[in-house]
Each structure stands twice: as structure tokens, then as C-alpha cells.
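Use the sequences and the hints to build the structure in full.
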Amino acid sequence: MNKPVDPAATITRAEVEDLLYHEAELLDTWRLDDWLGLLTDDATYYVPPNDKPDSDHRFTLFTIADDIVRLRERIIRLKDPNCHAEYPPSRTRRLITNVRITGVEGDTISVAANFAIFRYRRNELPREFIGRYRYKLKRYNGVLKISERRAILDAEELGLLGSVSFLL
Amino acid sequence: MNERRNGRSNGHLVVEDRKAQSFSVNREVFVSPAVLEGENRAIFDKCWIYVGHASEIRNPGDFRTRSVAGRPIIFCRDRQGTPRALINSCRHRGAIVCREREGNARQFYCIYHGWTYQTDGKIKSIPGDDAYPASFDKTTRGLVEVPRLEHYRDFYFLNFDTDAPALATYLAGAKEYIDLVVDQSPSGRMEIISGMQEYDIKANWKLMVENSVDDYHLVSTHSTWLNYMRNSGVNIAPPKGHLLPTKGLGKDLGNGHLTTDNPNYRGRPVAKWISIYGEEAKADIDAIRKELVGRLGEARAARVADSNRNLVVFPNLVLNDGSSVTVRHFYPIGPDHMRVTAWALGPVEETEAQRARRLHAFLTFYGPGGFATPDDVTALELAQQGFAAWRDVPWSDLSRGMGKSDNEPQLHTDEGHLRVFWRRWSELMEPRA
Chain E
1 MNKPVDPAAT ITRAEVEDLL YHEAELLDTW RLDDWLGLLT DDATYYVPPN
51 DKPDSDHRFT LFTIADDIVR LRERIIRLKD PNCHAEYPPS RTRRLITNVR
101 ITGVEGDTIS VAANFAIFRY RRNELPREFI GRYRYKLKRY NGVLKISERR
151 AILDAEELGL LGSVSFLL
Chain B
1 MNERRNGRSN GHLVVEDRKA QSFSVNREVF VSPAVLEGEN RAIFDKCWIY
51 VGHASEIRNP GDFRTRSVAG RPIIFCRDRQ GTPRALINSC RHRGAIVCRE
101 REGNARQFYC IYHGWTYQTD GKIKSIPGDD AYPASFDKTT RGLVEVPRLE
151 HYRDFYFLNF DTDAPALATY LAGAKEYIDL VVDQSPSGRM EIISGMQEYD
201 IKANWKLMVE NSVDDYHLVS THSTWLNYMR NSGVNIAPPK GHLLPTKGLG
251 KDLGNGHLTT DNPNYRGRPV AKWISIYGEE AKADIDAIRK ELVGRLGEAR
301 AARVADSNRN LVVFPNLVLN DGSSVTVRHF YPIGPDHMRV TAWALGPVEE
351 TEAQRARRLH AFLTFYGPGG FATPDDVTAL ELAQQGFAAW RDVPWSDLSR
401 GMGKSDNEPQ LHTDEGHLRV FWRRWSELME PRA
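Residue numbers (our numbering), protein chains in the order written: chain E, 1 to 168; chain B, 1 to 433.
No lab work stands behind these hints, which were simulated from the structure alone. Remember, it's a predicted structure, so these values are computed and weren't measured experimentally. We treat Cβ as the ideally placed atom computed from N, Cα and C, and that holds for glycine. All clues given are correct.
Under the rule of at most 20 Å between Cα atoms (straight-line distance), these lysine to aspartate or glutamate pairs were calculated in the EDC-like manner:
| # | chain 1 | residue 1 | chain 2 | residue 2 |
| --- | --- | --- | --- | --- |
| 1 | E | Lys145 | E | Asp28 |
| 2 | E | Lys145 | E | Asp67 |
| 3 | E | Lys52 | B | Glu100 |
| 4 | E | Lys52 | B | Glu102 |
Quick partial rundown of chain E residues pointing at chain B, CB under 7 Å, derived from the structure:
| # | residue |
| --- | --- |
| 5 | Leu61 |
| 6 | Ile64 |
| 7 | Ala65 |
| 8 | Glu73 |
| 9 | Val164 |
Encoded structure:
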């Protein structure tokens, strides 16, 4: 990958929305290798604990705090039929709304969005994962990539949501 | 088994026959509301139940509210500094008087009629108390305190039975294994790290006891986690004749407590390096090890650092001392529904880098977003779904390792330690004459 270029002049909300909607489709259709292609080589993925939604994973026990190495391993796991919690894969539907560019600093574009993810599995309760996304995006060779994604759940505790075994 | 096909054997739900080398648990114990009600009376009202850790209530006025043994509890340190377990229910008409999950309080206030309590539970004020008859004694109207609250090395347990033996007696051999956790701190002080994992499983709570120490399931349930370890450079090849990379033990610690005790192969923040931690962590983990050896001696340090132990304190506390330390308790919401709460535990002295490494290691395996726990949740829920046929397929089998002589150790992949739980459960739930 080449050096990222200054994005401030060129970024539009429509372009960010296109990326997020495309990402949602890849995740809902379980095209997980394609999804990895949306990420930078040092991307991170966080799901903070429900009781400390705005905390730092270095000091607080998260639900998920993946660096790119573990994220790639997570995809290997999710594609494996022995990933029992997600085999057969959950049916999910993601509604992404309230997309906003909240800042541009250096080569990093900060984005906020809301999500509602509906998840269905046979013999299980329907589950609704509601929350907000916080993204950091960077542009490489003109292509917008995800360098950090943080999925912050609104629920006070996971409770009946159970495991977070698929990608939020 | 045929004579017991349709129900209990001699009225018992746990049936052990040493001669026939069989051990069976009737699946009624996982589905019956009557059994759950019996457990509430015979187990949760009688045993020492984990409520919290001293580090969660460091300062006077600090409190945590949680459900313990089915009751709403305020676990707090009163303003004079004494730890308390108060029942979170107004003496007047019952409403919860502390609604926050955690914080620091000067008083507890009931929003319904305004009764106010001190942090030691005593009544502070009752609005319009001149309307009460002369016989009404305010001093007896404080929040009800759980009769017993004791700790072992900062792990606080409560007991609703005034006549229960002391906690230290109750814990029996479990104390040694709690020591192995706490000795990881140079000052003997561990702390609960911020961030809770609170999730439900649609399965009976006793399945979590079994699952927490059942190493037989590791290969079939957690092959994706083993792959992750292998991809990270950990040697996961089992020695000949074994299911897992190391040969561990399953142990009876008395009073229904039990543990696995396994030579470590998967790395430990204290103090065994693996490549997942990164090259830069090597020297730091060497230093942790050196401190451990200097303080405890070579043998004891190796005991602390080189084994993984999943400890069950009867009935519902689990300390997993593996790739990180988890404190996990769980309680029944219904026969087919439990709530699990898990925390990470670490030495208070840890540097920022050490703490970050510990938390990273925690998430390789544990928790609702980990590489293993979600598959455990699935396994337990599938078992519970199968129990719908409990009248047709009444018995679960726990006989692994029963063919061994008493001198031969029970392995972690045997079920000797699971039988320890069930024997104690049976003693309390269906006492023999």
C-alpha cells in the first residue's frame, strides 16, 4: 500500500455511506474475505463492554478487542463449520443510519453511524443488536479503507443477546 | 439402565453404582421448576455464595448492586469502612433503594415514599414519621443485612444460613487454589478489572459448572480455538494416548469444590511467554517470573506460573486461571435459563503494558466475543434443547474414568471431578437416610 493522501478536500458523506452499505451487504451475505479487503493492514475492531461503553481496551475488559492478526483469525474461525455458534451462519440484516462525518484529522476521517442488526437462528430467540458505530477511515490509492471500527451496543448488558459470535 | 428408563432410580436423581462403574444424572434436574425451587432452598439458601471482590468496594461509600442467590443485593463498604451485604429492598413497601450498577453513596433513598437509609443499612429518615404509632420502632427498620458475609483473600461470599460453618472451613481444599491465583500479585492483592461480561444462556445453570471444568469437550467444541493457537505458534499436538496437548488432572477439593490442574501450554501473563504476546513482551514476562521465583522460591513459582486451573467453588463460582484470570459466577433465572457474569482479575501492581497484555490474552478464549465461549454457550443450549425429551432419554452419563483404581489419578478429560459436584448436589438435594 502507498502512503495515504490528505482526504479532507475530497471526502463526501455519500462516499462514506456507499462504503458502509457495501460493508453491511458483505457481512449480511457472509462474504468475509471480501470484507477483510475493506480493511487497512493495521485495522482494529472493538466491541466495548456494555457497562463501560466509552472505555479503553487497554484498561478495560472488552467483549471484543481485535488487532488485525486476531481479526484475520476470527474470519478463519467464522468460515469454519466447527465454529458452532455460527454454523450454520446466522441470518442477519443490518440497517445503517444517521451516517455523519464527524472529523478529519491528518489522513484520518472519523465517521459516526447508528446500526440495528437483526439476527435469526433456528431454535433461538430473534435478537436485535442496536447501537452506534465509530469508524476511522483512510484513503489508499484513492480507495477508502477502514482502519478502525468500534461497535458500541446500547443494551445495559448483553443478557438475552447472548454471545457476540458474528461480526457486529 | 432399563429399569430406570422412565424415571428416577429409588427416587434418586443422581445414581452412582461403584460396582457397575456407572454414574448417572437424571435430566429432570435440568428441566424441573420443582428441582430449581429445591435448589434455592437447599443450596442457595445454605451455601456460601460469591458476592464480590474487595477491590470493587475500595472506599467508604462504594457500592455494587447485583443479584446474588436470587436476591437483589447491595455489596458496599459503609461510610465507617465495614463491608456489607444489604438486601436491596425498602423495609416499608419493598422497592429497590439503590438503582445504579455501581458508585459511591452517602445514603440509599427509596423513591416511593422517601425512606432513607445509611450505607450501613440503618434507617436515616422517614418522612412524616409522627404519623406512626408509638409501637413503631425506627431503629429496627433498617435494610435487612444478609446474616453472614466473610471473605477469603478478598473474595467475599455471603450466606443466608446463620448456622453455616465459617467460610474458611467451607472452602476446604479450594483455598489452596485461590492462593495460587492471589500469589501472582507481589503484594497478595488482586483486583477486578473494569468491564463486565454479562450474558444469558438458555440452559440450566449446572451445565455451566460441568462445562467450566470439562476438558473432554475441548477438541470437539473448540477446534477453531485450537487452530488459532496453532496458527499463533503454540504446539497443540497431544502426546500419545491423550486428547489434549498436556496431561492434566481433575481433583476433588472437598465440600463439592473441584478443579482441573493442567500443565500449561497456551501461555500465561504470569509468567509464561508465547508468541501471541509479541517479542517485545519476552523480557517483561521474564522479569515477572524472576520476581515470582524470588518471592516464592523455584518450586512454588513454577506451581503458580506453569499450570492452568479451572476451579469450581460449589455451587456457582468459577475461577479460570489460564490464558488470563476470570472470575465468573452464574445463577438460575429459570430451569432452562441462566445469567453469567464474568470479570477479569489481575495483580494491582501490573504496569499498563502488562494489564493490556492480560486483557488481550483473556479475549483469545473467554467471553461472549471470545474464540471459545460462544461455542460453549451453543453446546449448553443444544444440551438443554435435547432435555425436552428427558422422559424418553432420562439419564446423562458421567462415568469416564470410573474403571480406574483409587490410586490412579483422574484426568482432566475424565469425569471424576464432575462427579464431585454431583455427589455434593445430591447430598444437599436428596439426602440419603
